[in-house]
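Protein chains in written order, with numbering that gives the first Met the number 0: chain E, 0 to 197; chain U, 0 to 197.
Read the hints as simulated data drawn from the structure, not as lab findings.
Backbone N, C-alpha and C define an ideal beta-carbon position, used for all residues, glycine too.
Hints may contain errors.
[Claimed, not checked] Just so you have them, the derived chain U footprint on chain E, three or more residues with Cβ under 8 Å:
#, region
1, 8 to 22
2, 26 to 35
3, 41 to 47
4, 85 to 91
5, 138 to 149
2 protein chains.
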Amino acid sequence: MNADKDKNAKPPAGIPSQARRVFSGVIYDVWQWEQEMYDGTTATFEKISRPDTVEIIGTVGDKIILEEQTQPDRDLCLSLPSGRADQSEDMLAEAKREFLEETGYESDDWLHWKSIYPTGKVIHPWHFYIARDCRLTSVPSLDSGEKITVKLITMDELLTLADEPRFWVGAQFISDLLRLRADERKKEEFRRLIFGGK
Amino acid sequence: MNADKDKNAKPPAGIPSQARRVFSGVIYDVWQWEQEMYDGTTATFEKISRPDTVEIIGTVGDKIILEEQTQPDRDLCLSLPSGRADQSEDMLAEAKREFLEETGYESDDWLHWKSIYPTGKVIHPWHFYIARDCRLTSVPSLDSGEKITVKLITMDELLTLADEPRFWVGAQFISDLLRLRADERKKEEFRRLIFGGK
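Bound-form chain E, shown alone (with noise of 0.2 Å):
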């Protein structure tokens, strides 16, 4: 929140490494550098960080879990368990706290699924993990900013929330739905994959 601090706090991937902070809020990052343009001049360009997000597939038998959350600012909407991974470098780590804060649920069975580094002004990576045959071990422990129900859903009903605009989740997974929906052999594969071959 001071704009003074750490002036030498070096980039994350996607912003060149000359790129000075020029900004620390509670989330996000603000970063300039001084460009080269096509003419010869220089130009003040901007980037802006945040930390990575994780997002995880927990399945449970043949259901996969979803929540059904609102937050102090925000309506109901519905979502993969997910978090704000600001605790650690160990993404694994972070998906499984996130998880079972929100859930109460565990998994001996992870694997990482994909990344998402988006290439634009906002570097803000996202990290799937899939949690198979995971099972109920404790309370939820929300914080004082949650209200979150579980609910187990089936995979139709999974890809029938990319037309749902209360489904809270990174548009990249809405394409990964919609793709899924449209190919009967992609979609048995990520079956396997979630349950894990079931």
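We have chain E; now place chain U onto it with these hints.
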């Protein structure tokens, strides 16, 4: 760029009216407010905003205008004619300006296709316009941060771009293309929309 300027600036739609602008950059503004939590405590919440983007689907005969573009800090990408709407409040006027500057084309048959207002922490509205029956009237006037080549592609080629990682467009438009690919009726409706019933 001065953290102290315009503390009384009014936040855009999507950010609570009591939010204060704590940073104003070249593109991005950062807004913060004290949010009451579910347990009665408060926490500092943060969102960012930036100027709207206009995107243009321009057609020439039975073809669609596509740009091949490089920028000083980016490799080759493909895009629709588009730009930052930072010169007026009139989005159609901004679309016409960007379209003419980048492509040299004009149209007498513009329509607003849709606007997207992201509901997350990054307030960045997108406005899509359709420009039918375009005609080349001038040489593009590119600024020192643009190298653009205009190409004409078919609608099927546009739909294929949903699989092209270098296609530089809002992720929601990729979902739009996937939905058109999955529904022959919607695809024909869209074809009539952008080509004017031909």
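Hints not upheld, ascending by number: Violated: hint 4 alone.
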